[in-house]
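Student: Residues per chain are reported as follows:
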Amino acid sequence: MESFVTRFKNVLVLVAILLAQTIGLAVQVRRPVDPGAPDGTSVTLLRYWAVSAVTPFERFFHGFGYNLRHGWSNYVDLRHARQQNRDLQEEIARLRLEQAALSEDAIQGHRLQALLDFQQHYVAATVAAQVIGTSGSDLSRILYIDKGSKDGLKPDQAVITPDGIIGKLRDVFPHTAQVLLINDQSSGAGVVLSSTRLRAILRGSTTGQILINNLTPDSRIKPGEQVLTSGGDQVYPRGLPVGTIESIKTDPDHQPYTLIQLQPAANLNQLEEVLIITGTQPTLPLPAQHDLAVGAATAEAQAAAAKQLADQQAAEAAAKSAAQIVADRLPSLHDPDHPDTNQPTPGTPGAPVPGGVVPKPVPTIRPDRYTSGSTPPAADLKPGAAERNNPTTIAPPPTTTNQPPPTDQPATTKPRKPQPQTDAAQPPNPQP
Amino acid sequence: MATRSYTSRRELEQHSFSPAVAILVPLGAILLQALLPKPFPKLSILDLPLIVTVFFAVSRRNPIAGTLTGAAIGLLQDSLSNPFIGVNGMAKSVIGYIAASIGIQIDVENLTTRIFINFGFFILNSFLIFLINHRLLGNANFHIQWLHELLRAAINTAVALPIFFLLDNTKRRE
Chain A
1 MESFVTRFKN VLVLVAILLA QTIGLAVQVR RPVDPGAPDG TSVTLLRYWA
51 VSAVTPFERF FHGFGYNLRH GWSNYVDLRH ARQQNRDLQE EIARLRLEQA
101 ALSEDAIQGH RLQALLDFQQ HYVAATVAAQ VIGTSGSDLS RILYIDKGSK
151 DGLKPDQAVI TPDGIIGKLR DVFPHTAQVL LINDQSSGAG VVLSSTRLRA
201 ILRGSTTGQI LINNLTPDSR IKPGEQVLTS GGDQVYPRGL PVGTIESIKT
251 DPDHQPYTLI QLQPAANLNQ LEEVLIITGT QPTLPLPAQH DLAVGAATAE
301 AQAAAAKQLA DQQAAEAAAK SAAQIVADRL PSLHDPDHPD TNQPTPGTPG
351 APVPGGVVPK PVPTIRPDRY TSGSTPPAAD LKPGAAERNN PTTIAPPPTT
401 TNQPPPTDQP ATTKPRKPQP QTDAAQPPNP QP
Chain B
1001 MATRSYTSRR ELEQHSFSPA VAILVPLGAI LLQALLPKPF PKLSILDLPL
1051 IVTVFFAVSR RNPIAGTLTG AAIGLLQDSL SNPFIGVNGM AKSVIGYIAA
1101 SIGIQIDVEN LTTRIFINFG FFILNSFLIF LINHRLLGNA NFHIQWLHEL
1151 LRAAINTAVA LPIFFLLDNT KRRE
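Chains A and B supply the protein sequences, listed in that same order. Under this note's numbering, residue 432 is the last one in the first sequence; the count climbs by one each step, no gaps. Under this note's numbering, residue 1174 is the last one in the second sequence; the count climbs by one each step, no gaps.
Chain A extracted, bound-state conformation (with noise of 0.2 Å):
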């Protein structure tokens, strides 16, 4: 027995070394899963241990790197500091534009929510932290921040920054804790596409690629259709950004289903500060509440001042419109014989009449010296002449019925003046 022990005591140290991490491994995966606590008690002390070992080191070289970094950038490098204040303070300008035109729908929406009941999940709480290490290893995707339980984290939060989100909490320590991001082999996300409301489930994968495998063939799903949150894993609050669908194609292990990969909206690569969710309450935070509320009194604003704009417009039209009828029915604001000619003139077709049609008098049975248009111009008359010489009051009475009856159309063709004497001895209508 000795010397069989001696014989073989190297194979017997390997196989009692991998015999004992096997027996860790089942331990492992048959514990049952506790949301709050992703290890058991023995494992989580392991993990703090190497943790603890390793992330003082990682604070060091990244606290170097970040000082070095910015100390270069925030007091060397200032080149473009005044033209990136200026281009900020533009964007500025137009968000708050923008916030103004969305606001209203907004306002109107939870409105609707409180209606309905709706139970909504609005980040209340963040923690800002840096990235200060990762797993080192490409087939599981975690990293390490600067900020534990200490600083009010807890496992399962979730992990966003303003592009997207990025993952949640894994294990916490005092000091630091994992964040598991979403392209690792064992994430996973409830989310939404957003212009056909399909619910999927997102997962990770050993590659590094995010998946959704649990969608059946729909022509409705495009590429470049973008991926929300939705809020029903209980981690991430609804609406968060995810990416956008990057390619569909059929999947070879699940048929009938799709395997559709996303790009996520958050560069998972580069990551130096993120966002821990630590609270979320079921009305807006206060500072959103106050957003929101400048917003619509900007829009209300806009629309006030638009109203009032449109108001002065149609009084200056108005009053252009009563000057052009007084113009009209002025014959010596006109001039017969130069007519404007870059006015459209009257009676032409399409041409719009100002002021309207001018209704022509009734010509009369018996016209007289006082009928309107019987009197000849001045500028015919002489000065002591005959009365006689007047035809109007000369003119015999109408004997024929051939010629042609007057019409009620104005005599839009020419300035109205006084009609000539041939007009006026035409024949009238006759009465019925």
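Think of the hints as simulated: they come from the structure by calculation, not from any bench. Worth double-checking, as some hints may not be accurate.
Said to hold, decoys possible - Here are the simulated lysine to aspartate or glutamate pairs, EDC-like style, with alpha carbons at most 20 Å apart:
| # | chain 1 | residue 1 | chain 2 | residue 2 |
| --- | --- | --- | --- | --- |
| 1 | B | K1042 | A | D138 |
| 2 | A | K307 | A | E104 |
| 3 | B | K1042 | A | D291 |
| 4 | A | K222 | A | E246 |
| 5 | A | K154 | A | E273 |
| 6 | B | K1042 | B | D1107 |
We have chain A already, so just place chain B on it with the hints.
Tutor: Chain B in isolation, oriented as in the chain A frame:
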């Protein structure tokens, strides 16, 4: 010019390392492995702990020491990653044992030999990781792209050669 030559099995087994080197070099490899992918994400393809495991195993030429070194480095690597502790530990235990056994049989100081053993051990490591995840843990979604693993093995072999030459200076002859 003095040349280093080994004429007996006893001479081959005489390499050892100071405790500081034996502890700090694996820790440094794990630390670098955790730090480098943050500024340079592409460097996550490296596996510095495996390079160190192979180096110590073939240098000590003691299968038990190689197994224990591989297990310790693998478990430490597992404890910093996800999800189960023991996957890398088992793979590196096996590699440490085989590397030490090979070190007894052949001359691992030769450059060509080093290229072959490094490339072979990286492929073996990928295969063991796949086997443990797919068969032992029953993770059917665990896939490995073998072309990527070949590329990884080639890159790590290229990185391992200068590291081996660097660590040769830390050997202590008894």
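Student: Mind checking the alpha carbons of A:K222 and A:E246 for me, to see if they're no more than 20 Å apart?
Tutor: holds (9 Å)
Student: Check whether the Cα positions of B:K1042 and A:D291 lie no farther apart than 20 Å.
Tutor: Measuring from Cα to Cα gives roughly 41 Å; hence the hint is violated.
Student: Could you grab the alpha-carbon distance between A:K154 and A:E273 and see if it respects the 20 Å cut-off?
Tutor: holds (18 Å)
Student: Quick one, are B:K1042 and A:D138 close enough, alpha carbons at most 20 Å?
Tutor: holds (9 Å)
Student: For the pair we were handed, B:K1042 and B:D1107, check the Cα-Cα distance against 20 Å.
Tutor: The hint is violated at about 33 Å.
Student: Hinted pair, alpha-carbon criterion (20 Å max): A:K307, A:E104. Please report holds or violated.
Tutor: Judged against 20 Å, a Cα distance of about 17 Å means the pair holds.
Of the numbered hints given earlier, the model fails hints 3 and 6; all others are met.
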